[in-house]
Structure formats: structure tokens, C-alpha cells
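Protein chains in written order, with this note's numbering: chain A, 1 to 305; chain B, 1001 to 1305; chain C, 2001 to 2305.
Hint data in this document are derived by calculation from the structure and do not stem from the laboratory. Mixed in with the good hints, there may be bad ones.
What the hints assert, rightly or not - In silico DSSO-like links for lysine-lysine, alpha-carbon gap of 30 Å or less:
#1 B:Lys1108 with A:Lys33
#2 A:Lys241 with A:Lys195
#3 B:Lys1033 with C:Lys2005
#4 B:Lys1033 with B:Lys1108
#5 C:Lys2108 with C:Lys2005
#6 C:Lys2195 with A:Lys5
#7 C:Lys2108 with C:Lys2195
#8 B:Lys1005 with B:Lys1108
#9 A:Lys108 with A:Lys33
Next come the chains, spelled out residue by residue.
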Amino acid sequence: MALEKLTSARQLTLPVLEEIFHVAEQMRQVCQKHGRITLLSDKMIGLVFLEPSSRTLLSFQSAAQRLGAGIVFIQGVGSTSFEKGESLSDAIRVFSGYCDLIVARLPKSGDAQIAADASDVPFINAGDGGNEHPTQSLVDTFTIREELGTLSHLNYAFGFDPLQSRSIHSLCMVLSQFEDLGFEFVSPPELRAPKSLIQQCQERGVRVRESDRIADLHSPDVIYLNRLQEERFPDRALFEKYRYEYRLTPEQIPTSARLILDPLPRVDEIALEVDALPIAGYFRQARNGVYIRMALLSMLLGRSL
Amino acid sequence: MALEKLTSARQLTLPVLEEIFHVAEQMRQVCQKHGRITLLSDKMIGLVFLEPSSRTLLSFQSAAQRLGAGIVFIQGVGSTSFEKGESLSDAIRVFSGYCDLIVARLPKSGDAQIAADASDVPFINAGDGGNEHPTQSLVDTFTIREELGTLSHLNYAFGFDPLQSRSIHSLCMVLSQFEDLGFEFVSPPELRAPKSLIQQCQERGVRVRESDRIADLHSPDVIYLNRLQEERFPDRALFEKYRYEYRLTPEQIPTSARLILDPLPRVDEIALEVDALPIAGYFRQARNGVYIRMALLSMLLGRSL
Amino acid sequence: MALEKLTSARQLTLPVLEEIFHVAEQMRQVCQKHGRITLLSDKMIGLVFLEPSSRTLLSFQSAAQRLGAGIVFIQGVGSTSFEKGESLSDAIRVFSGYCDLIVARLPKSGDAQIAADASDVPFINAGDGGNEHPTQSLVDTFTIREELGTLSHLNYAFGFDPLQSRSIHSLCMVLSQFEDLGFEFVSPPELRAPKSLIQQCQERGVRVRESDRIADLHSPDVIYLNRLQEERFPDRALFEKYRYEYRLTPEQIPTSARLILDPLPRVDEIALEVDALPIAGYFRQARNGVYIRMALLSMLLGRSL
């Protein structure tokens, strides 16, 4: 794979996806058998997390060390030299002298490309503002394929904030490469999916529907939900109105549904009673984050099992 | 040992204590000889520290790595997804997918049980609010047994805040299982030990005394002190009044005393001149924290030397 | 080498420098060949960073793990027990029970000596307030010797805040041990080098000049620049006046210059266009930080390749 710097879900073409899925599946098996291996025991991974994160951070920490790599790590704007007025480019260029690969979560849209350009070593975007989070899309698609055997010939429902969810946007773009898909966006009227997103999906042959109510869902195979992000509602009353209205309970799940995913954290979008259902896949999805990130670290460093 | 999730000092029964002490003593020897070993080199330990800590955090970091384990680590509420409204249960369930054992320090009383229930892997409570801190009691009792050869047939003095000290409460409950003990609580009148604690100790056959002054101490073998916690005094003037009045100096130490302990940090409760005395055991006590935590990590993961 | 606790650049005598440079050069070669080695695989390094840092912290993390050592780590006043009123001496004494060597960045001038005295294990000062930062001077001198083959018989220019720059002060003192040197301080009139520094350099035989303008620089071989530290200007208008006036552009570089260094972070003191010049050595300088710190960790722990 020619991939050396992963900044955008747009780089996740079908052959790239296939290779990553294949390696991630190998990583799962090797982890279950050996716990940790020495594939990257001569390497140092740099984790630069300048925005809050827990799942992404912990799964990269876990992935690096399950591969035997060492970690250099800085977290939070307050504890770095950025506050002294240093540019992102300078900082990343210096950091890339301390490690063999950089994983960065950065606060502003577009930061990932700036950082990737400045890095002397392979680079992975672990989220840059509201822009991209390509490793999340990999975790999502890998989980669907593991659980349902395919990504094609499926109906997907996405809720409840298709307007603003970075995870939904990226996932739709990656998925839309597959054949014979239906996408259904379910959301309050104020949070409908962007017209441009719908148009791009349709141009790629996806059947698209929109609805305001969970009850209107039309035979989805996969239901992909994401919390309403309180911080993005200009009007708090609106958030309070919708937070419990858009909440999946066991009774509301269409009989067609075979898998429920959520990039987490979960707030109110899925009732706790759903957790006990076999089709509730979000905790397995989180766990897959480790295997996907092990695959990426190995591949970008040119190593294979 | 059946112990898989350690949340409370109540789980530290006599046979459990014996086994932990035995393994901790082995760990001390192996550390002094080899520095680090590979007993857990296939394991990942998750450290979730959502409240300030230094000693407990560092000693778990040291213990895990002296056993060859990798570490995944999050610290501080501000840097996690908890602020987005995620429940503790969800977070711990996800974290337990990234590692083989979770160690958690959590801000609220009762959090440890919630977290232990949510975890898919073994769990250690490293302190939950004002509630429990069972690994501290292990360090305390291990140190006494190492230094004096026994935990029975001893007189213990506890000061200077038996009302509020989590360390004193837990230690009293663990100790009270041993034979022929005297407990003496020394404190300002406002900070007397809770009646319920005294009653439980007496029911288990412990002789209990209370006094207001260090000078009244009645032939203690072990003196266990803990700082007055300024933040818990509603009246600051009261704190200022007592902070230097309750302060152990070399002159005040009864001749019967054979060991002085303090879970640290020390503020004013022990004068610096005490440090030079051979019976000042608090820095050795801190060091024992590593061996106790190595023992716990190994045992909860089912490994032995 | 007798060095066991490195607190001050004054300990960096000529034989000490020679030995460190020699080992650092070995470390560079071994890193380029093997990535990571096991020289310290039985050791734990304690990193205590109570002040913001990125370069120094990351290069020590990298150095320790490239040598195979484990790391125990605390960062930031807010997450430690220091806020509970514990003394620095107590904290360091306890920490030294958890590891085999302590590296500390501390907020106040003089803290490093207090910490070194309290530590039961070898100690490295990674910066204490405005006082000392001896490992930076090592990185600086190592880089000059690597790039120019010698530290003697050279003219050095230092700017643009010789009054307050800890890096410039320490570097001048270390360099002044070498033969046949010229130092030229270039700064706004308000930021001239301290008289005492100039006097000490002259007493050691260094030729000293001062100038207000970059254009007046007198055939320097090495140009060593450091940002104007906004936070140290009582008068913000003054900072704004000088920040772009004292800024090295390619046109301003004297033809005599063979190497440009900067301890970084860079703010405005060097124009981005300078980066492309072969004599721009500051990113190579940052990278050398890993090799120097690998050398120090090994030597203070009595290990050699």
C-alpha cells in the first residue's frame, strides 16, 4: 500500500480498505493468541493529542504497545509549547525527530494536512476539528463487514445529527463506494443531512431517503447513531426538546435491523435496554478500534506479520 | 485466590492478606535482583485516573512496567469524554476492551463498584472519593508486618483526623481481624473517630481509647498519622489552630513506639526532625506500594512467579 | 564519570563534555541501526514535569524508551499531591522509591538542587525556572561540534534576548571553557546581556562585543537565536515594537555564518525562508536532544554500550 500519511477518509479507496481489513483481522487473531507481539519493537510512536479524546487515544496507546512499540506522548494545549506561539508546522517537524510515526488529534479543521506536510515520518489523522476522522470510518466499516460479512447490498439508517456528525459524513463517503446501498437519514428537521452530502451519495448510485421520526425508518439492516452534540446547539431549549425524542428503545427497532452501531460516547441516543440485544454492536465496535489501529501502524511503517 | 475485582477493604480477609503479603515479598526480592521481569509482558494495564493522585498513580505505573506489562492511561476529567455526558459504566465498559485489567481512581464514593460491575476485565479500586482505598490498607499492613513481624498483639495509635481519614477507616477495619489489639485515636475534639467505627472495632474485640493530646498516648507500638485535610475544614480558623498543635516531634514520641507510618503526603503532622529516626517508616511504606501493587496485578491476572 | 546528579551547566567541564559527546555519538549510530536497544531494559525512569514542556519531555520519553527503560510519569501541578501542601523534598524522596533515575522540570529557580538533594537515585535537571537547563547546553554544544567539528576558534553571535534567555546564559558559560572564542550579543538596548555574564566570559579570555542591530554582526561562525519571551516584557508595546525588528531573514545572514541554531520554540526570531538553507541547523539540533539524553541516562546509571 502506498499510503504513508492518512489524513482523509477520501484516501480509503476499495483496495486500501480491503488491505486494512485483512491486516486488522490478522491483528485480532494474533492479539487473542499472544496478547502482545514484537512486530514494531524497534519503533517509537508519537501521540500528539491537543484536543480531548479518550477512546481514540486509548486505542492507539493499546495498539502501539500490543505491537511492541514505545510511545512518546503529549496531551493538551496547556502542557505544550504551542502556547508560546510556536506554529503547528514547527512543532510537528520537531516531534517527527523523536519518533517513527505521528498520530495527531488537532483542534482545527485542516490542521491534519498542515501537520502531515510538516512531518518527516508517516502520519495518521486522529481527528482534526469538525473535519475528518478517517480511522473512525475504518472502525465502523470493519465492524459491519465482520458482523454482516459484507458492506454492499445493505440499507443503512443514520441518526440523529446528520447535519453535524463528522463520523456520519466520513462513513457515508467511504460506504458510498460499495454497491447497491440505501441510506436513510433520520433527524429533527433542523439537523437534516447537508444537501451536498446527499447529492454526492446519489451521484454514486446510493438510494437516499430522509425522515423526521424513528418510526418512519424503512427496513434498515444497519442503524448507525451518534449523540446530539449539546455544544453545537445555539438554542439550548431545542437540544432539551430533542434529546429524549430521538432515543432508540428496543420497541422502536425495526425488525429488519441486524446491527446497531454508535461511535460513542453515548449520551441519550440509545436506551440502556438496547445493550442486551445481540444486534447491539457498539461495544464490539469500540474494541475493533484496537485492531484497525494496529493494522494502520504496521502498514504505514511497512511491516507485515 | 478468587479475587478478581478489588473494590473494598472488606474483601481483605485474613487468607487474602496472607497470600498478597507472600507474593509482595516475592516481588520485592525479584525487583531487587532483576529490576524488571516479563511475567505480564503479554498484558496491557489500563490506568483511569479521574482525580489528582501522584503516589498511587506512580506506584501502579512502576508496578505494571516492572512486570513487563504495557500501559494505557487517561488522566483528568478534562481530557476524557466524560465531559460529553457519557456514563461511567459506558466508559469503563469501553476501556475494558482496550486492556486486560483496569485500575481506577474515581471522584465519587461508590464509583468503584459501578466501574467494577461494568468492567469486562479484572478491576482494582485505587480510591473512590471519600469511600475506599483498599490498596493503601494493603501497603500499610504489609509494612507493619515487614517491620515488626506481626500485626497481632500490638497497640496502634491513629491521628490526627480519625473522623475523616479514609486511610485510617480502612486500616482499622482490616487490622481489627487480628488478635489482641489496642486502638487509640488521638485528635482535636471536633475530629473524633466516628462512633460506628469505634463500635465495629469493639465488637471485634479491639480495646479502644480516645484522647485529645499526643502527650496522653498510652504505649503505642505503631503510630499512624495522616495530615489534617484543610479542604475539609468548614472553618479555616479551626484548621490554623490545630495544624501546629497536632504535630509529632521527636520529643513527643512515646518510648514504646517501634514504627511511625503516614500514607503521605505529609503536611504538618510530622516534624522533619522525625525523618532521621530509624522508626520513621513512612518512606519505606511508600516504596512498599510498588511491591503490593505488583502482587495485586499478577494475582488478579492469574499469574505467579 | 563521577557525575550522578546533573543540576547545573557548571558541572559540564571539558572532560565531562568529551565523554558525553562520545557516548551521544555512539547512541546516534545505534539508534540509526537498531531503533531501540535493551541497555536499560531493567530500569525505570521517573519523569516529573511540573511546568509546561514539549521538546524536553518528548526527547526524554524517546531517549528512555529507545534504551528499553520503562517510564513513570507525572505532569502538571494540578494532577499531583503538591497542591495538598507537600514539600518538594518529600515528593521527590517518595518518587525516587518508584524508579531508578529522576528527570525533573520544576517551576522555581533553585528547585533542582533541592530535588537532587532529596533524591535517593541519580537525578537530571530538565530546567528549573529561569535558573538552569544543562541538558539544553549539551544539545547545543554537541550540535556545533557535530556540524563544525570543533567548539574552539569560533565566533558566536547570540540574540535576541541575552538579558533573560536561560539557554544563552548556560551555553555561554559552557562554551567559555574552549579556546580562542568571540561572543557577540545582539539585542534591543533594553535586553543587553547581564554585566556579570560578560565579565565572566572576558575573565575566561573570550572576546566580547555587543550590538543593537543584526546588520552590525561581525563575521560570526555560529548564530544562536532565541525568541523574545512576550511574558517577560512588562510593557507589551515594547514587545510588539521589537518582535519583527529582531528577525533573521536570509538577506541578513552574514556570509561568514556556517550554522544557525535555536533551542526552539521559534516565534518570530527566524523567518521561515531561512529553514531551507543548509546552515539552518535548528531541526537537526532538536533531533540531537534524543542522543544527548540517551547518553546522560546511560552514564548516570553506570551503563555503557
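Checked hints:
1. B:Lys1108 with A:Lys33: Roughly 37 Å between the alpha carbons, so the hint for B:Lys1108 and A:Lys33 is violated.
2. A:Lys241 with A:Lys195: holds, 24 Å
3. B:Lys1033 with C:Lys2005: holds, 24 Å
4. B:Lys1033 with B:Lys1108: violated, 40 Å
5. C:Lys2108 with C:Lys2005: holds, 18 Å
6. C:Lys2195 with A:Lys5: violated, 51 Å
7. C:Lys2108 with C:Lys2195: Holds: C:Lys2108 and C:Lys2195 sit about 23 Å apart, inside 30 Å.
8. B:Lys1005 with B:Lys1108: holds, 18 Å
9. A:Lys108 with A:Lys33: Judged against 30 Å, a Cα distance of about 40 Å means the pair is violated.
Against the hints set out earlier in the document, violations occur for numbers 1, 4, 6, 9.
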